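Starting from the structure of chain A, add chain B where the hints point.
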Amino acid sequence: MHNWKHLSTSFRRQPAGRIGLSGITVLTLLAVASLIWTPHAPEALSGPPLTPPSLGHPLGTNGLGQDIFSQLLAGCRISLLVAVAVSLGSAASGLLVGAAAGYYPRRLGVLLMRCVDVLMAVPRLPLIILLAVFLRPHLLNIVAVLVFLCWPGVARTIRAQVLALREQDSIRFVRFCGGGFGYVLRQHLVRELFPLLLAKTAVAASYAIVAEAGLSFLGLGDPTVKSWGMMIRSALDYPGLLWTSAWVWWLLPPSAMVSLAVFSFTLTGYGLDEALRREEAE
Amino acid sequence: MMLSALDLTLKVDRKAVFPVWKVDLDVAEGERVAVVGESGGGKTSLACGLMGHLVPGQQVVSGGVRFRGADLLTLSPAERARLYYRDIALVPQNAQNIFHPTQRLWKSAREVIAKGKAGATRFADVIESVAGLGGSLDLCISLWSHYPHQLSGGQKQRMSITLALLNSPRLLLLDEPSNGLDELNRRTMVRFLSDWAASKGASLLLFTHDIGMAACWANRIVVLYRGEVVEELPAELIDKPRHPYTQGLMHAAVRLGDPPLSRRSIPGHAVPIARTPQGCGFFERCPRAKNYCRKEAPRFLQWGESKVRCFLAGDM
Chain A
1 MHNWKHLSTS FRRQPAGRIG LSGITVLTLL AVASLIWTPH APEALSGPPL
51 TPPSLGHPLG TNGLGQDIFS QLLAGCRISL LVAVAVSLGS AASGLLVGAA
101 AGYYPRRLGV LLMRCVDVLM AVPRLPLIIL LAVFLRPHLL NIVAVLVFLC
151 WPGVARTIRA QVLALREQDS IRFVRFCGGG FGYVLRQHLV RELFPLLLAK
201 TAVAASYAIV AEAGLSFLGL GDPTVKSWGM MIRSALDYPG LLWTSAWVWW
251 LLPPSAMVSL AVFSFTLTGY GLDEALRREE AE
Chain B
283 MMLSALDLTL KVDRKAVFPV WKVDLDVAEG ERVAVVGESG GGKTSLACGL
333 MGHLVPGQQV VSGGVRFRGA DLLTLSPAER ARLYYRDIAL VPQNAQNIFH
383 PTQRLWKSAR EVIAKGKAGA TRFADVIESV AGLGGSLDLC ISLWSHYPHQ
433 LSGGQKQRMS ITLALLNSPR LLLLDEPSNG LDELNRRTMV RFLSDWAASK
483 GASLLLFTHD IGMAACWANR IVVLYRGEVV EELPAELIDK PRHPYTQGLM
533 HAAVRLGDPP LSRRSIPGHA VPIARTPQGC GFFERCPRAK NYCRKEAPRF
583 LQWGESKVRC FLAGDM
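Protein chains in written order, with the numbering used here: chain A, 1 to 282; chain B, 283 to 598.
Please keep in mind that the hints were generated in silico from the structure rather than gathered at the bench.
Just the calculated beta-carbon pair ranges, DEER-fashion:
#1 B:Q432 x A:G182: 25 to 31 Å
#2 A:Y183 x B:D295: 23 to 29 Å
#3 A:Y183 x B:R576: 50 to 56 Å
#4 B:N501 x A:W4: 48 to 54 Å
#5 A:L163 x B:H533: 45 to 51 Å
#6 B:C422 x A:R278: 31 to 37 Å
No experiment lies behind these values; they were computed from the predicted model shown.
Idealized CB from N, CA, C, for every residue including glycine.
One chain only, chain A, in its complex shape (with noise of 0.2 Å):
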């Protein structure tokens, strides 16, 4: 049973949901005006290679001559599109498997928890690549990888929460009534599941934006997509990067954008891991 206002207050109220939703309200501001104005076109070569931070080029340019504020202002569209798109994928396919095997804990159960086992045992790294490297390189294909490995820890715990709502007595009741599967999982079970669904999501869109960097960096990245991964990895191949001072406005402030996003989601997941905790102990 969830109160919204006082898991809202209660999430307010830490310091960490405030500042982990405004980091993600920062990058979603920038995101949505990277769609709208950039100071030059990512793509384009706007100036003399590895200019300095001057007013016309905020962070400077690259090795080719392209604006790299620019160039982070797109990377920030791709890392959320990346980061939204896992955790939606994960969360959507871990509450329907959870749900069914928490909902059927007999048979369908334990087979479906069987395979969540399997999937969490493989470590994820090797597996990653290896999926990665044998399908093309494409942003969807690193969606559907980063999707495949997520879902099974999302999975197990709502179906840890199913396996108790499902003997609630108004659930009980409604079952009795004839509401088969679909509709208690629509009408009862998605409202009480909500905000732990949504703490997972926050995680899993962490670990999103992490792995596609690391997926960029080792050159397993969609190489059409400009992602801060992918700036990353650019910067690291120019020969003698870190010989010049260009490192500090090419190199540092994709990783640093990485560490903000991630830092932010961490913060958020955990406001509201909290937020929940503290809700049960009431």
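Just chain B now, kept in the frame of chain A:
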């Protein structure tokens, strides 16, 4: 015949315990039947068994339940789910908790109405169908836009009864409906349900431990002792019971004006039937037990207007 159970026996899974033992029960069109017995006597198991929706962990050993020609025990779950809360309704024992805790009450009512007919989805439609029933039970209309935790147990109890009546069922089973209701509310509920049943021609089946309420409510009273029907008698004859268990229940009932601790109780407690009984099930607790009661099980025989399962019923 609206509902008839024949030789219904229920067993607990993986245990030789029988909460309901060879129960024959008929409920005619428009009849009001009360099943009384002490806690652990198998009332709830019987109520759920009669619906074909067994208490989790129980199974049917033998017998059948027919509701207007359909065997409730062999219907598919989907068909049964279609019957429930449309043709048969059950107010369960824990009726106060059947409302979803974070959903306004009228939405719960809407879910039940949506079973009967499509279309009633707006607040006004729901309130319209709820108002008449709830009003007779002293339920204010504004209560329906509250959340369950804002209401008292008695209000929720009455609301759950309203919920059961929404689709005008042909048969209504009530498992301890007087939970959380005071004397006045109980009286209102009894009168309202009797009027409702009379106007709709519906049958009522009441499961209760309150023998006084059963007597003023029902046409016929069925006394259940550890899952077995021991006596079946018209409500007018409740003052002259023939079975010693029913007599014990009558003696134990509290009445106004009694001096403290004056009522007699029945010694011992009911143990569920664990195997095919040898003698009379009430033997250990019976004040009039004879030696042969232990050896031979009495049959369920007609004595005047009532039916009794006792050798000594004729001595009354």
